[in-house]
Each structure stands twice: as structure tokens, then as C-alpha cells.
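**Q** Chains as they are written, first to last, in the numbering used here: chain A, 1 to 245; chain B, 1 to 245; chain C, 1 to 245; chain D, 1 to 263; chain E, 1 to 263; chain F, 1 to 263.
Honestly, I wouldn't trust all of these hints.
[Claimed, not checked] No farther apart than 30 Å at their CA atoms in a straight line, the calculated lysine-lysine pairs in the DSBU-like style are these:
(1) D:LYS219 - D:LYS10
(2) C:LYS5 - E:LYS252
(3) E:LYS177 - C:LYS5
(4) B:LYS103 - B:LYS177
(5) B:LYS214 - F:LYS220
(6) C:LYS221 - B:LYS103
(7) D:LYS10 - B:LYS65
(8) B:LYS72 - B:LYS214
(9) D:LYS240 - A:LYS170
(10) C:LYS221 - C:LYS232
[To be verified] Listed next, with one range per pair, are the computed distances between beta-carbon atoms:
(11) F:GLU171 - C:GLY49: 20 to 26 Å
(12) D:ARG169 - F:ASP25: 53 to 59 Å
(13) F:GLU171 - C:ASP217: 42 to 48 Å
In short, the hints are calculated from the structure, not lab data. In this text, a Cβ means the ideal position worked out from N, Cα and C, and glycines have one as well.
Read off the chains here:
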Amino acid sequence: MGMKKPEDVILFKNNKRIDGRKPDELRPIKIEAGVLYRADGSAYVEWGGNKILAAVYGPREALPKHIQDPRKAIVNARYNMAAFSVEDRKRPGPDRRSIEISKVISEALERVILTEQFPRASIDVNIEVLDADAGTRCAGLTAAGVALADAGIPMRDIPVACAAGKVEGKVILDLCKEEDNYGDADMPVAIAPLTDEILLLQMDGHLTYEEFEKALDLAIKGCHIVSELQKKALLKKYERVLEVE
Amino acid sequence: MGMKKPEDVILFKNNKRIDGRKPDELRPIKIEAGVLYRADGSAYVEWGGNKILAAVYGPREALPKHIQDPRKAIVNARYNMAAFSVEDRKRPGPDRRSIEISKVISEALERVILTEQFPRASIDVNIEVLDADAGTRCAGLTAAGVALADAGIPMRDIPVACAAGKVEGKVILDLCKEEDNYGDADMPVAIAPLTDEILLLQMDGHLTYEEFEKALDLAIKGCHIVSELQKKALLKKYERVLEVE
Amino acid sequence: MGMKKPEDVILFKNNKRIDGRKPDELRPIKIEAGVLYRADGSAYVEWGGNKILAAVYGPREALPKHIQDPRKAIVNARYNMAAFSVEDRKRPGPDRRSIEISKVISEALERVILTEQFPRASIDVNIEVLDADAGTRCAGLTAAGVALADAGIPMRDIPVACAAGKVEGKVILDLCKEEDNYGDADMPVAIAPLTDEILLLQMDGHLTYEEFEKALDLAIKGCHIVSELQKKALLKKYERVLEVE
Amino acid sequence: MSSSVVPSIKKDFIYKLISEGKRIDGRAFDEYRSIKIETGLIRKAEGSAKVKIGNTQVLVGIKMDVGEPYPDSPDMGVLTTSAELIPLASPDFEAGPPGKEAIELARVVDRGIRESEIIQLDKLCIEPGEKVWIMFIDIHVLDQDGNLFDASLLASLAALYTSTVPAERFELGENFKLPLSKDPPISCTSVKLNNAIVIDPVLDEEEIADARLTVATDKKGDIRAMQKGLSGSFTIEEVKKIIKASIINGKKLREVLNKSIRG
Amino acid sequence: MSSSVVPSIKKDFIYKLISEGKRIDGRAFDEYRSIKIETGLIRKAEGSAKVKIGNTQVLVGIKMDVGEPYPDSPDMGVLTTSAELIPLASPDFEAGPPGKEAIELARVVDRGIRESEIIQLDKLCIEPGEKVWIMFIDIHVLDQDGNLFDASLLASLAALYTSTVPAERFELGENFKLPLSKDPPISCTSVKLNNAIVIDPVLDEEEIADARLTVATDKKGDIRAMQKGLSGSFTIEEVKKIIKASIINGKKLREVLNKSIRG
Amino acid sequence: MSSSVVPSIKKDFIYKLISEGKRIDGRAFDEYRSIKIETGLIRKAEGSAKVKIGNTQVLVGIKMDVGEPYPDSPDMGVLTTSAELIPLASPDFEAGPPGKEAIELARVVDRGIRESEIIQLDKLCIEPGEKVWIMFIDIHVLDQDGNLFDASLLASLAALYTSTVPAERFELGENFKLPLSKDPPISCTSVKLNNAIVIDPVLDEEEIADARLTVATDKKGDIRAMQKGLSGSFTIEEVKKIIKASIINGKKLREVLNKSIRG
């Protein structure tokens, strides 16, 4: 949003988007579970040009002690961009954007994890953006969901995310970089797919109420497609493990 | 001090100061007690162009535990300037100047508070400069005194502060901005008005011993005038409370 | 290393080095033990143009508690350069270079200290470079060895350090500034002189295996010479103490 | 916020009230507390406003400076929004660099203002690629009794609409009113509490809420920004309900804002 | 690393194996784990490589920017090496600014590359004294199972040798391959364990090791850098033995590297 | 300083001595410890001095650089004063950024020098508005046995008076003596202890003192700066008494300073 569109950029024409997709079409997505040795659970997601790793550690004793919650586990997601994941090198360490994203992802994940089973514990979810295109927070949350399942963390559901938005007056699914920069609205949504409960919802730009309803509907449909890919990745990992055993 | 005076600035002429005041005259001062909802005690002070809020929290358990003093309460004053309170925006967070002022104000307040009544506790005094003219540390300490009384913190006395100084060889009370910038000396003084004990004393510039005696005398007189305004503000608050009840 | 040598700089000629020394000759070294009042042990070392103070505090309770090791004392060396010790003023506080040097010196010292005698304690070694020429880490470690002995810390041996290196194809002892800047290799070595165990070893530049053997031999010889100076300084201190008593 | 614990007895009490259709301070579920906006308080700022929503107080000051534009927008002024949750405002706020709550607050207000494009940043260019106006919105929370999002956005808007660009101080010609478009986004925040939705929560409600949704709307009632918070979830229907209530209340808050900046 | 305690039972087990001439994963004392190098993974980077040594994984990305040279080398590009021990890679790594382990790692890799002069920094000058290429080597550890030094240097080299200087993006002519000399230093790391010397330690070995020595050698087998670590000591003979083993293994690792960057 | 606790037995002992008119080290209440000043110790600094007052040792180094002036004083050099309470000097000093004690120390020394205008900052202008000399006074406390204020100001003055502006290093003509006026402010610090006033306190006295007053005076005996510290109070008479003693002792300290910089 917010960037002035160069005149020669045509975001939507003949029902086709700038990268050739249809309005309700996702970018190519590849998900792999159990990709790291040290982590208790892990996942790798390629989503368009995004390459994202997620690793889960825990439940383990929350430290320092004064952060412990005697009633439940703390869910501590940390979204981080590698210095080389963006065009202009990003200085290492959290910036304001990544702190906000870490916060909303932590809150979204906390809802589905059975935190009350692990008082005084922390469940640490590390999301590393290695190569960034548009939509890293949705891809990161999706990877986190798989990594949590891979770690065997008890959950009500496997959380999943997908964005919808608007370009040139048209509601679309899963914005690419140009659509994100020059489009009219971006709305990342995370849900628990069994119930369609909304875990994360942000929006920037301009939507009429009717467009919002359409976009929300589209984003949830996208979430369900990605959810199937999450489950396939987990299944494949279990099959792999069974083969080895 | 220390700034070269432009030639057209006349700080003192015909027994009048640059803002029209007499040598021993204070700027207009307005004090209000009990202005915040959450704080245990609070005060608002307008003093010339200064606008200052003070809020007191405590006595409460000092944290982290290792800072606790088993014999008495810690008095922790924090002087802070809002980013927009000065001509060139101040970066948020403490700078060296505000750390020093916080230190000398904390020490001055500690003397009058009956800290031995609250072992292991902290008494936190937050002084926010919202609009800064000259003399913010005196106005801030004065506000803190009212906020402490408003919070019901047991004190030997209500501390109060006022500066004296020198411009063009003349000893004066309560320097304004131009006098502060281009004058010969600035001497903030805080006292316990019941005994005239000196709680805070700083001086920059150039005073002969005789001028110092005169300036100290003038500053203490100023303190007593401001002390009366402090008491009136507290009385008014109590009357207001009684009316409500 | 790594700096392009100006054409008029001749590092080695007629078996003489740029500062007139022979290949295996040390710069002038002066060591004094027990130079500070507050420290439990201290030493001052002048080594060429280097001026270095070391002070030891401890064994004392390691704080905060969570850093304590129940089996032994922590050795915490802190190498620091004074802001005015180098040509271009150094910003106060640790930089990456001083953090690395602190780490390798801490590890070297830990080997000789009988840390198992002081569980949960810390032994703090402060090394201050007041005037820097080349070779501050060796001079600093040497000063630390004397300060530890002066503090009466039980040690297997008094650690000592000296560098060897290469300029214009010639293996030399104890590089001076120009040799450090424009030379071919620098190799600081610390040993426990009773056993010639190697406590610290770093190398940058270019050495054939044969040159390495020669340089290591030379560095160890240098260490033994410096070791004698350490012992003399400690003896002198004890004599001084005995005289006073 | 999580650090302050409302005793469970208070939680039970609020839950019970909610189940009876009542709130702790007697308001209807979709009713705001009284709102008061004062502008032009800070002489040293180019614009300022203090907003009271019930007992919550937020002071915003605008400062301007001259500096370089970003390389990717050489002919646009620069906007920076910061929020300080100073320890003066709450026993739960600690001194130190902004934590995640303060950062989220600043970023939500910043996006609300930036994405709605009410500030005509192109009119804040002095020399393309070289010199532009740098604008700082500083949110100073003075008294925290809930709903900082709405109070902070309102105060930022009231401060902006009463700001003067200090061109004279920088010897850049005459001072002029900050160029703004007329349709600012107004945010309304609701929380979910024991499965009920209440708008403009007080702190006691916020502390036991499951989920929070902030919705910024424009004059026409279109949606300009949203931010969901807290670790609970919303159903689709709840989200729709909140948006509709936000559109209605947004109109009322807009009236209050307009009155304050006309005065 | 010191924070993670291998239970003493595991230590006893590893010691016993060592005394029988065996290692926990069955390798010979002077044998490396299998090594896999992939390059060109990160589209946004000018060059990138992922190195796996056994279960250890390190990803390095190269970014380039245009900036000012250092005053004392006005006609040379600038090189900066950073390492992040991100909490993703190990339960013992904590978020926050680099600690002493990360700093030592970055500095050892940096010196290995800088002192060997493989990067022709003089060819990265754009305008002497004014404008040069600034190069960032960012070491991102993904999975920590020991021997980060060797994995990080290998990954840095593989990333460098497959990097393109993005001149077009900065409107400075055509992109070109990063100019590098052909003889990179290859480091081999050994640790001393119960008086035995083993190369390429896994984490379980590193955690109970007494001393560590990293030796970088060139094609000819000359020594280009060394770094001793940990609080134990080496005898002179042990150091010589390690250097000799490093020269031999260095040749093997060089083969692996060359294959990956030719591919 | 507050963290180190002098056992109450020592406090009682010092109090008892004081009530008998004696001090722990046998000095009179208005008597300084012996003072030793050495200059020109640090070859890398433009000027340096080490001051010993009893067992207290402070080393000050002056460094100069070339940089931009402040916009509001385009034709003046820039002065920056920092103090480091390094852990070498006391078991109570911790590593890390300067705490409030170090900041107060640096600011009091800085004001003493700045307000007395002994440095002719206008003579440190190279090109008005563009280039001036930047001067750093770095106070490095080596051994803390009380009265750091006086030792630090004395050491700063001795270092300044023996400093050379390194113009040659910056290719700005010949080196020259730092231009200074001849009447530096000399500070004397007293503390109140069990209702007595003692000058030049040792650490044992400082730690149990109620209040501290530092008074800087000039050659004529006029007051140039004051700073009260600690949480006790002074009566008006006590302040006057301290000032008078500071004027007298200031003259003696000035002699010591003058001798050291003439040498």
C-alpha cells in the first residue's frame, strides 16, 4: 500500500493479475515438516518467493522465572528477517515491524495451543524469513503451525494464515510484491480451520463493507487450501519417519 | 549561561527585567493537586511557560528485589522531557542531563520523606515536562512535592524549589529563558520550608561571595512564596474531595 | 597485517628491524606489582609504547546468582582500551575486538587458576590499556598474570604472553606497530612457563609450516624472558612490603 | 498490561454483569465514555491535543524539522510516529525503551494516518531529493484507563488538524497550516468479554478480555484499517458485528473531533 | 554453549569411547562428517550458500551496498562480517545482540577471509575516496550440532564465489562476478578431549572439550590463520599434530568447496 | 557507591572520632590529603594528567578531532566530557554504560570547565559553520578512595594545560598549544558527617556522609560552580562555612596545579 504506482505497472487486466494468476489463485506453495535436527519441531515453507523456516522449542521452563505464568505456558513467537532476505540489507535484530508481527503471531498461536497443560513453561516459536517476498507473516504463521504440530505440542487445531486484498477495485487472494506495494488494500487473516475462528486480522488500505466481506471469505478459502498442504507435509514426515523405523 | 548574548538583547534596564518583572518577582505560577486518575498522587504546575505533571506511585514493593533496602524505602524520581516540550524535538528516553536532574531531585526528596517507615519499598515520583521554559527542575521538584503530599506519603515537610541568579551584575529571582541563556549565573535551590534546610543546590556562572549570599536569600524567599501556592493547591483539592463526599 | 605498506617503509635490513632491534629482541619492558590501593591485586606494565594496568578483584560471590558455577569459580577478564589510548579516540565501552580479546584472555587465565577451590565465586580481572602500541593483548595478559599473583589467587603457574611474527620473510619476536601494520604474520602466544603448555594462540597472515615452528619457538623463548621480569616485579613488591613491615 | 492482575473476584463480578447485559460503569455495550478534546496546549509544539476518554488521557504533540527524504520517495515529507507508555500513566508502565505494547500502539496509529493519506506529504517537500519536512507525532499517554488506541488516534488527528508548519523558524518563508485532507480515519475499539462484545473498554475490561478489534473507518463508513489483538479469537459474525458498530460510533467520534478542531 | 550441560553420564561414555580409540558417531579421530554445500538459494541476496556438516547447518548470505570507503583505504571496498546465533538453531541460543561466541565466530571468519586477501577489495572501488562497494557477509546459523567455525567459513566462501555485484540495481553499469582470487583459506577445527585430539567435533564433543584449535590453510598447505579457544591448554606437540591434520583435511574440504562453486 | 556497606562498627568509630574532633586518617576537618599531579603520561593523547589525592587516582586524557560545529555556535570548537567508573578502580564499579554517578561526575567537571570559559572555544574554529576542533575530555578513574570530583577536575585541568592541538596530524598547519585562559576554577568538596563538616572525604567518610557540597572558585575567590549531592541537607550556615573553606583550600590546590603544569 501507500506507494505511488508507476504508470507502466498494470496490476489487473482481462481477469489476470500482474503475475498471471486469477483473482482467487494462490502462489505456488511448498511445505516440509521436520527439517531441523536440534529443534523440537520444525517446518520449511516456500510460498511464492518467500522462504521461511520455523522451529519450536518447548514446552520448557520459562526463564527468567519472573516471566512464568503459574496457570499456563507462555507462547513466545519471534519473527525475524535474515539480514540478506530483503533487497536493502536489514540490520540484524528486531525492529518495530518485527516486534509487532511477533506480538500478533504470538497471540494468534496462543489461542490454539493447550497452554493450560504446561504451567510455568514457555513454548518458543522461532520464525526466520530467509528470503522475503510479500506475505511473510502469513507464510511464517503457517510454518509455525506445522512446526508446532511437528513438535507434538497439544493444539486444538493447526493454525493457518492467508491474505486477501484489493487491486484496482478487484478483491484478490494472496498478494504478490507489486500488489502489496501498489494495491488498494491488504488483509492478512489467520484462522483455526476446524471452526473458522479468526486468530489474526489486520487490514490496511481501503475496503467498503461489502468488499471486506468478500475479502474475508476469500482469505478463509485460501486458508483452507493451505491447511490441506500443512496436513500433507505432516503426513509425509510421519511416513518418512515410519520408513526409517 | 554560556551563550553569547545578541547585541540587541537587553536583560535589565530601569530596574525592569526583559519580561517586565522586578528583580525579586516570580513568573506567574499555577498549581493543581490530584489531576490524574491512576496515580496515587499527582500535581500539575504551570510556571511561566513551563507545564509540568508529577505523579507518585507507592510506597510499593521495590522491584527487582535486589534493589530493596531493608532499612528504608527507595525514592526514585524520574525527570523526563516530552519529545515535543522543546524547540528542537528531543529524542525520547533519558539523556545525561535528565539522569543528573533525576539524581539530584531524588536525593532532595529523600531527605523529607519518612522512608524508614517503608523498608523494602519504593516510592516512585514521575516528573513529566510537557512544555519547557527555563527552570524546569525547580518547577518539577515543586510539582513532585505536591504530588507526594497528594499521595499521602508521610513527610517531614513539603519540599519546594526556586532559582535565583544574576543578569548584568544584578541578583534576580526565577530566571526566564533569556536570562538563563545570556545571564551571568543560575542557582536552583530547594528547601524544606519549615526549617529552611537546603535540599538541592546547584550553581553555574559567576557570583562573588556577597552576591551568593544575596542570591541564596532571594531564592529562599521565592521558595516560601511558592510553598504557599503548594499548600493552597492541596487545600483546594481537599475541599473538592469534601464537596464530592 | 592487511595494510598496504608505503614504499618508503623498510621493515627489515642488515638484520635490523625498523626500530633497530634484532629479530629475536624484545622491546623494553617494565613491570610493577601492587600499584593500586583498592584492588585485591594489581600490576602495571610498560612494554614498548604500551602502558597497561591490571587489577584483580576476588574470589568473591559471583553475581547475579544465575551465573554461578557450583563446581568452580568463573574467571572474568575484561580487556578495555581507554578512549585516549589510540590515535583516533575510541568510543568508551566494549567493541567486537575487545569482546573477543576478553574471551580468549579469560579462557587462557582460567587454565592456570585453581578455580575448583572457589565454587560459586568470580575472579574478575580488569585490564586497562592506557596507551596502546602493538601487542596489547600479550602485555595485558602478562599484567593480568602479575596482578593475579599479587592478589594471592592460587595458581598452577603465572601465565605470560608474547607474540612472534614475520616481516619481509623473516621470523621475528614481539612486533612493533609498523611490523604489525605492514608485516606478513602476527602470532600472539600465551603459555604456562613451568610446562610450556599453550594457553592462548592466535595467528593472522601467512606462515609456512616451518616458519610456524620457528615462530612458536621464538614466542615461547620470549615468554620465558618476560616471565623472569614478572617474577622480579613480584619479588620487588614483597621486598617493599617486608621493608614497610 | 498482562502484568496487572485484576483479582478474580472483580473478573467474576464483571462477567456476571456482562451476562446480565450490564457493564461495570453502567454503559451500554455499544456506548462510548464521554470524550473531551483540547488543542493548542503546548507552546513548544507545532500542534498538540489532549484527549480524555473517561479517565484515560492521552497528549499528542507534533514537532517538525527539516531533513532528507527517503530515497524511494524523494518528493515527499517524512512521517514518524512514536508512543511512550511513561510510568506516570500507570503503575504497570516501566521506564525504558518502548515495549511491544507501545510499539503496536504507535504502529497502528501510524498506519491509520499514513494509509488514509490524510497528510499531503507531497506538499511537505521543500527541494525534491534534498530537503523535506520531517514530521514527528509523539503520543504521550498520561493516564491509562483503557482504550489507548482510540484516544491516541483521536489526539493525533486533533493535533495534526491544529498544526502549523514552522517555516519561519527555518527561514523557509511564511508559516502555513499543515496540509491535510478532510476525511480522517476514526478508529473504534471493541473487546470480547465472556462472549459478549463491548466497545471502548475501560482498563478493568481490557485486562480480562479475550480478544480486541480496532476498526478505523472513514466518513463514508468504508474500512481504512483493522487490528486484532489479544490471544482470543473472534467468529466471523463477531467481526462483522464489531465493524458495523465501529461504523456507527465512528460517525459520533468524528463529530467530537470536528467540533474540537473547528473551535 | 557453556550453559547446556551434557549429563556427566554422557561425558563418561564419550571419554570411555575416546580411550578405546572411538567416537560417539563412529568416525575416526581425524575424519570429517559428510559435507554438503548448496549455493544460490536466496534470491534477494547477491550470493548465498548453505553448508551442512553432519547435522550442523549454516546459511550465509552476501549483500552489497554503495557507500563511503574508510579514510585510511580510500580506494578499497569495505567488508563487514556478522554472525547471528539465532534461537532457531539451538535451545541454548538466546535472542538479543550477538554474545561473545557469535562475535568470536564472526571475527575468526572475517580474519580468515580478510587476511588471505581473496576478495580483491581494490576492484570494489567505484570512485576513490568517495564511493565504494560495501559488502556484508551475514552468517545465519540454522542448526547447531558442532563445528560452526568450519561450516561458517565454508558457507561464506561458497557464497562469495557465487556472488554477483549488483551494479545494475545501483545504476553503475553491468552486473559482474565478485572479483576473488583462487586460493581461499580453508579452516579445520579440532578439539582436545580426555587428552585425545579429534577433528570436526559434534556438539556433544565440543561441550566437554578442554581446548579447541582452528587452523586455516591455503592450497599450498601454508598456514593463514589460527584461533585457540576454550579454557584448556595444548602441548606444543599437540598443536603441531593439529596443524598437520588440518593441512590434510583442508585439501579434502577444498575439493568439496570447489565442486559446489563450479556446479 | 551506595551498594558498598561500611559495616556499622566502622560508622560508629568514625562518628565517635568526629565527635572528638578527629578524622579516621588523622587529618584536620579542613585539611586535604597530599596531592600529586603528573602530566604528559599518555603518548597517544594530546594531553594527559594523573592526579593522586591520597589513595585516589584519576587519569584524564584529551583527544582532539576535526568535525562540524553545533548549528547554534558555528564559530566555536566543541567540548565533550565523559567519565568512566571502570571496574578496575573499585569493587563497587560495574562494567557497562555510565551510571548516574559517572554522569553526574562528568557533567559537574564539564560545567566547571565550560562555564568558567577557560577554553577559548572560538580559537578552535577552523572554518566557521563547517569545521572546528572537537575536544574530548575522558576521565578514567583508576583507584577510588573518595573525592572523585576534585581529583577529576584537577586532572582535567592539568591535562588541558599541557595539551597540544594536533594540527599537523590533520594537515592543518603547525601544532599549537591549546588556547586557555589563565584562571581555571578549582573545586573543593566537603561532606557533612554526624553534623560536622569535613573537606576532601576519603571513601569511608563518603559512604556514611549525609550530604556533599562541591564548590568551584576562581583566583579571586569568586564562586564559579556548585553542586550539592546525597540525600541529607545543609543549613544555610553550613553552606556558607563550606564555601569559605573552599575558597581557602582552592588557593592551595591552585598552587599545586600551577606547579605541575609549569614543570
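**Q** Each of the hints needs a verdict: does it hold here or not?
**A** Evaluated hints:
Only pairs whose Cα atoms come within 30 Å are accepted, and LYS219 (chain D) paired with LYS10 (chain D) is rejected, the gap being roughly 38 Å. As the CA atoms of LYS5 (chain C) and LYS252 (chain E) are separated by approximately 34 Å, the hinted pair breaks the 30 Å bound. Of the pairs offered as hints, the one joining LYS177 (chain E) and LYS5 (chain C) holds, with about 28 Å between alpha carbons and a cut-off of 30 Å not exceeded. Only pairs whose Cα atoms come within 30 Å are accepted, and LYS103 (chain B) paired with LYS177 (chain B) is accepted, the gap being roughly 23 Å.
A hinted pair counts as satisfied when its Cα atoms are at most 30 Å apart, and LYS214 (chain B) with LYS220 (chain F) qualifies at roughly 19 Å. Pair hint LYS221 (chain C) plus LYS103 (chain B) does not hold up; C-alpha atoms about 54 Å apart against a cutoff of 30 Å. Pair hint LYS10 (chain D) plus LYS65 (chain B) holds up; C-alpha atoms about 28 Å apart against a cutoff of 30 Å. The hinted pair formed by LYS72 (chain B) and LYS214 (chain B) fails the criterion: a straight-line CA distance of about 37 Å is larger than 30 Å.
Distance hint between LYS240 (chain D) and LYS170 (chain A) is fulfilled; the C-alpha atoms sit about 20 Å from each other, no more than 30 Å. Between LYS221 (chain C) and LYS232 (chain C), the direct Cα distance comes to roughly 17 Å. Compliance with the 30 Å bound is thereby established for this hinted pair. Between GLU171 (chain F) and GLY49 (chain C) the C-beta distance comes to about 23 Å, which sits within the given range of 20 to 26 Å. Judged by the Cβ atoms, the range 53 to 59 Å given for ARG169 (chain D) and ASP25 (chain F) holds: they are separated by roughly 58 Å.
Checked against the hint of 42 to 48 Å, the pair GLU171 (chain F) and ASP217 (chain C) passes, with Cβ atoms roughly 44 Å apart.
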